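Trainee: Keeping their order, the protein sequence lines are chains B and S.
Oh and the first sequence: position 39 is 39 in the working numbering, straight run, nothing missing.
Oh and the second sequence: position 4 is 4 in the working numbering, straight run, nothing missing.
Heads up, a few of these hints could be off.
Copies of the same chain look alike in the list, so a pair counts if it works inside one copy or between any two.
Said to hold, decoys possible - Below are the EDC-like pairs computed for lysine to aspartate or glutamate, each with C-alpha atoms no more than 16 Å apart in a straight line:
(1) Lys42 <-> Glu77
(2) Lys2 <-> Glu51
(3) Lys21 <-> Glu62
(4) Lys2 <-> Glu37
If you are wondering where the hints come from, they were derived from the structure by calculation, not from laboratory data.
Nothing here was measured: the structure is a model prediction, and the numbers come from that model.
There are 2 protein chains.
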Amino acid sequence: MKFSAEINVMPLKEILDPQGKAVTGSMKNMGLAEIQEVRIGKHISLVVDAENEAIAHEKVEEACKKLLANLIMESYEFTLKAL
Amino acid sequence: MKFSAEINVMPLKEILDPQGKAVTGSMKNMGLAEIQEVRIGKHISLVVDAENEAIAHEKVEEACKKLLANLIMESYEFTLKAL
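Extracted from the complex, chain B is given alone in its bound form (with noise of 0.2 Å):
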């Protein structure tokens, strides 16, 4: 079976964001100033082929452990679909 799976990968809370804070002083520069706390991360999607949808989940978290995230400075989170 083929899973599709959407994975976040975000700067931890505790940690400075620099992209983000970059982007956040850019929208008041361009008039829109409501936007606020910018955050940037990456967004990942791909397919698993797996017998079921556990094995399709241990299969993507070892991913994202092992090469998808790096999680001293990151955390990530994601959702699984059948196909």
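With chain B held as given, fit chain S onto it using these hints.
Mentor: Using the frame of chain B, we list chain S on its own:
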């Protein structure tokens, strides 16, 4: 009223995603050959101050079009939630 927006900016389907391709290849090397079709984009969270949800929606649209997404190469989608 304050709303939180969760925005995904992804490379268009027609456009090659070299970062995603590289990660798909790495998955194979790490024993995660079940994982395919990796595509990598940005996830942006922000807070917008607006009178109502329709205005908040408009502001986030404007921010996406003017600053967050390059519409030639990327598409965006977002969800809004009242805080």
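Trainee: Next, verify each hint and record whether it holds.
Mentor: Going through the hints against the structure:
1. Proximity of Lys42 and Glu77 under a CA criterion of 16 Å is satisfied in both settings, with 11 Å inside one chain copy and 14 Å between copies.
2. Taking the shortest alpha-carbon separations for Lys2 and Glu51, only the intra-copy value of 8 Å comes in at or below 16 Å, while the best inter-copy value is 43 Å.
3. Within a single copy, Lys21 and Glu62 get their C-alpha atoms no closer than 31 Å, and across copies no closer than 18 Å, so neither meets the 16 Å cut-off.
4. Within a single copy, Lys2 and Glu37 get their C-alpha atoms only as close as 36 Å, which misses the 16 Å cut-off; across copies the closest is 12 Å, which meets it.
The structure does not agree with numbered hint 3 stated previously, though it agrees with all others.
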